[in-house]
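> Sequence:
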Amino acid sequence: KRVNYALRAQSKGQFVAEVLDGLTKAPAYFAQNARLNQEGYESIDAVMDRGEHALTPDAFEALVNETGALVLDVRNEHEFSEGFIPNAINIGLDGQFAPWVGALIPDLKQPIALVTPVGQETETIKRLARVGYDNCIGYLDGGFAAWQQTGKEVDVIESVSPDAVAGQPAVPIIDVRREAEFAAERVKGAWNLPLDTINDAMDQLDRKQTYFIHCAGGYRSMIAASILRARGFNNLINIDGGLAALKQTGRVPIVTEPLSH
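Note that the working numbering has the sequence shown beginning at 70, numbered continuously upward.
Among these hints, one or two may not hold up.
Said to hold, decoys possible - Pair ranges (Cβ atoms, derived):
#1 252 x 188: 34 to 42 Å
#2 232 x 326: 21 to 29 Å
#3 275 x 118: 39 to 47 Å
Unchecked claim - Straight-line C-alpha distance at most 30 Å; calculated DSS-like pairs for lysine-lysine:
#4 277 x 316
#5 257 x 277
#6 221 x 277
#7 257 x 316
#8 221 x 178
#9 178 x 195
#10 195 x 221
Source of the hints: derived by calculation from the structure; they are not laboratory data. We put the CB at the ideal spot given by N, CA and C, even for glycine.
With the hints as extra help, turn the sequences into a complete structure.
So this is what it looks like as structure tokens:
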């Protein structure tokens, strides 16, 4: 009883507080999914027919401009950082894809235009539909390579090695891991801006300031960097390998003492 948190609390309120400690808020789509469960969903065949619409780069660009669709790029963070369609958001299929889509895209009916690895278009549409995002309106035929080959505008997010971070101590560091992860260990002087709060918290940032940004390994920081980039933060530098790589350098001070409140 002394070590089991569920038995340690003295009242119902304390018990609830213990159980919920460290948990993030429910994804925005939960309430909408509850409503849709009552009202009914569109058939999966209709969802797939709409989503499996191969678009040339010109048609893709025109459709996005006409509909205001979100360009969702599901390639891994390394491929994305080296080149992407301006204003695209990166949430990689190879990580916790569905939870982060749910946490960061509040509108289940948001039109979504996909950039995927070639051959993974159908998988992506299905994985989105499973958590209620059933308004994919097409994908870029041939993937990002097709976009590049047309000579259309391409954006990049700069990434640097952890050693480069050690040489620039004056640049602020944003850590997008969860509060509990940050409390356990963090770069000295880093600022915690958990990824699931990024849409509400970006007003705290200065668009003219240069920032390093990292998570544990690189997946979440690229999501955050892509969102911020799309909102006009052009001076973000992603740290390759995240906190794990920073620790390995031995040149960046890591703090493990409890946070003072």
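> Does each hint hold? Answer for all of them.
Now the hints, each set against the structure:
{"no.": "1", "hint": "252 x 188: 34 to 42 Å", "in the structure": "holds, 41 Å"}
{"no.": "2", "hint": "232 x 326: 21 to 29 Å", "in the structure": "holds, 25 Å"}
{"no.": "3", "hint": "275 x 118: 39 to 47 Å", "in the structure": "holds, 45 Å"}
{"no.": "4", "hint": "277 x 316", "in the structure": "holds, 28 Å"}
{"no.": "5", "hint": "257 x 277", "in the structure": "holds, 23 Å"}
{"no.": "6", "hint": "221 x 277", "in the structure": "holds, 26 Å"}
{"no.": "7", "hint": "257 x 316", "in the structure": "holds, 12 Å"}
{"no.": "8", "hint": "221 x 178", "in the structure": "holds, 28 Å"}
{"no.": "9", "hint": "178 x 195", "in the structure": "holds, 15 Å"}
{"no.": "10", "hint": "195 x 221", "in the structure": "holds, 29 Å"}
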